[in-house]
Amino acid sequence: MSPVLAGLFTTAIQLSSQQRLIMMLPLCLSIAVVYKTTRCERLRDVPIAAGILWVTILLGMAAVGVGLWSLFSFFVQRV
Amino acid sequence: MAIRVVLVPCSGVLRLIDQSEPSFIKMPIAGILSWIVPGLGHIYLGHRRRGLILLVMITATFWSGVAIGSVQGTVDPTERKLWFFAQIGTGVNAISAVILNRITTREDRANNRKPVVTNWVAAEVGVHYTGVAGLLNILVIFDAVSRADPSRLRRSRASPSGGFS
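Here the protein sequences come in this chain order: A and B. Heads up: the first sequence at position 40 corresponds to 40 in our numbering, and the numbers run straight through without jumps. Quick note, our numbering runs 79 ahead of the 1-based positions in the second sequence.
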């Protein structure tokens, strides 16, 4: 195996905690595309269906995050 | 080779079905091929474009995870057992990553190098990518097995896009 190719997979990239959130975008896109590829009978429907699912996942996760953060803030103020 | 033309009820698509092999042989072959190489089961069943999309997406997700977190930080059957059960869903990808992990560790020991201390944030992201790729391939395996079943064609779908079900 060439050293450059091996180095690509044996050396971790440097990520900050904020950058970790950005890495969620391609992962959710991959989930949406694979899921819709298995579900859609016609492949030409996949891009739009996957795009809608991608946005839905992101908005759903953001809503859960805001909800949990609000609950946490509420209980921290009580204590 | 016996080929039958079938009208799929919901999509109005004419489809050619190869009936040369009975479905009880095709189903396990499609499942095993899908596990070994993601999307290969679909290609075997004649869904070439669908199989290629699945192959590219799952393989890219898995190896992106390995590139982000390094092979020693992400695919480790001894340190991250539960995640490895998810990662092994990608078949030959996970096995290749384990072999690369072993080679890298052996080289480190032979050269008296300390084990690489990976950035824990990158390692966690890499583990999530590889684990999710494995779990997605399990979905793909079930889809390939169900597509090998000819009775599937008789079941109509409510919407062409599949909805959220």
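These aren't lab readings, by the way, just hints derived from the structure by calculation. Glycine is no exception: its CB is placed at the ideal position from the N, C-alpha and C atoms. Among the hints, a few may not be true.
As the list claims (entries may be wrong) - Here are some, though not all, of the chain A residues that point toward chain B, as calculated from beta-carbon distances under 10 Å: (1) Q19; (2) M24; (3) S30; (4) Y35; (5) R39; (6) C40; (7) V55; (8) S70; (9) S73; (10) Q77.
Unchecked claim - Counterexamples of contact, computed for chain B against chain A with all Cβ distances above 12 Å: (11) V116; (12) P117; (13) M136; (14) S143; (15) N191.
Against the structure, the hints come out as follows:
Because the closest C-beta pair between Q19/A and chain B is about 8 Å apart, less than 10 Å, the hint holds. Among the interface hints, the one on M24/A holds; its C-beta lies about 9 Å from the nearest C-beta in chain B, closer than the 10 Å criterion. A least Cβ separation of about 4 Å between S30/A and chain B falls short of the 10 Å threshold, and the interface hint therefore holds. Below 10 Å, beta-carbon pairs count as interface contacts, and Y35/A has one with chain B at about 7 Å; its hint therefore holds.
Against a cut-off of 10 Å between C-beta atoms, the interface hint on R39/A holds, since the closest Cβ of chain B lies about 3 Å away. Annotation: interface hint on C40/A holds; nearest CB of chain B at approximately 5 Å, less than 10 Å. Taking 10 Å as the C-beta contact cut-off toward chain B, the hint placing V55/A at the interface is violated, the least distance being around 13 Å. Taking 10 Å as the C-beta cut-off, the interface hint given for S70/A is violated, the closest approach to chain B being about 25 Å.
Interface restraint check for S73/A: the shortest CB-CB distance to chain B comes to about 24 Å, outside 10 Å, so the restraint is violated. Interface hint status for Q77/A: violated, as the beta-carbon distance to the closest one in chain B is roughly 29 Å, over 10 Å. Non-interface status of V116/B relative to chain A is upheld: no Cβ of that chain comes within 12 Å, the nearest being about 15 Å off. Distance check on P117/B: its Cβ comes as close as 9 Å (rounded) to a Cβ of chain A, failing to clear the 12 Å threshold; non-interface status is violated.
Not every beta carbon of chain A lies more than 12 Å from that of M136/B, the smallest distance being close to 5 Å; the non-interface claim is violated. Its beta-carbon lying about 7 Å from the closest one in chain A, S143/B breaks the requirement of being farther than 12 Å from that chain. Here N191/B stays apart from chain A, with its beta-carbon at least about 17 Å from theirs, past the 12 Å limit.
Figure legend: structure checked against the earlier numbered hints; hints not met, in rising order: 7, 8, 9, 10, 12, 13 and 14.
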